[in-house]
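Trainee: These are the residues of each chain, in order.
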Amino acid sequence: DVKVTQSSRYLVKRTGEKVFLECVQDMDHENMFWYRQDPGLGLRLIYFSYDVKMKEKGDIPEGYSVSREKKERFSLILESASTNQTSMYLCASSLGAGGDTQYFGPGTRLTVL
Amino acid sequence: QKEVEQNSGPLSVPEGAIASLNCTYSDRGSQSFFWYRQYSGKSPELIMFIYSNGDKEDGRFTAQLNKASQYVSLLIRDSQPSDSATYLCAVSSEEGGNKLVFGAGTILRVKS
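Chains as they are written, first to last, in the working numbering: chain U, 541 to 653; chain V, 88 to 199.
Bound-form chain V, shown alone:
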């Protein structure tokens, strides 16, 4: 069973700080990596995807991938109370090709 591990949190950060969310995965063959944000009672929405080792920036968000360490992270700069949500890490599965394996999510709380 392929696994994606996330610290469940909650991770609490003050407004304006950098929030760092981490994810490890077990499938060395995984090629695609995604971060979703899910507000309470809502469905997941895509924040970013990353395919290559290194950093990818989009506004206040930066995704970091290290395939050798099987580690992907999401940094949120200048955190806002509206960033308070559950963040799901998802990793492509080589079984069946089209599937994603999701972590259980990290709860982020940004305090104003």
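Isolated chain U, as found in the complex:
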């Protein structure tokens, strides 16, 4: 079974704080993704990575950065958290190219006060 884990289920941070969200997958997948999900807006891609140290911007990268130093780990960084970044953050991974099945972690519900 593919397992994708995320460091926290719930997180509360203050405006201006630097926030790290961690994601780890145990299936040697090449691709990893970060999404945020908001009511009525669906899943929106923030960043993705298809290899170690490689990253690509998704649809809404502003205010976020990512790091992938090891194949199994993909981190999302909010440099200076703002209230409009309050959301559910979902990490996913997939094996290969061509729109392969993505497997999701449990999600992190982030609240920025």
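Treat the hints as calculated values from the structure; they're not laboratory data.
All C-beta atoms in this analysis are idealised placements derived from N, C-alpha and C, irrespective of residue type, glycine included.
Some hints here could point you the wrong way.
Which residues of chain U face chain V? A few of them, derived with a C-beta cut under 10 Å, are [claimed, not checked]:
#	residue
1	Phe560
2	Tyr575
3	Gly580
4	Leu581
5	Leu585
6	Gly645
7	Gly647
Dock chain V against chain U, hints included.
Mentor: Here is chain V on its own, set in the frame of chain U:
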């Protein structure tokens, strides 16, 4: 911007009925199509994927794909209250190759 459209619902069906969920997409180059189920407060989980035109059946679920009409659907037979969830349609994107574009989801409610 590639788009995937779903009726937000809620779609209400009685227990035992067939639920029909629909999705249209804009990218003619899309090759892979997925249906995910998401319970409230949980992350999406894969139900089915389909690559070829026609029907694909898995238990109570049938995915239908019509690439000419850019239309994919999910049928749930003998609907159960436990099927009540949000169903997300996802379509592969030819931009970047590895990405999926998700619809906003359809809320399904199965009444017992």
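Trainee: Which of the listed hints are broken here?
Mentor: Violated hint: only 1; rest satisfied.
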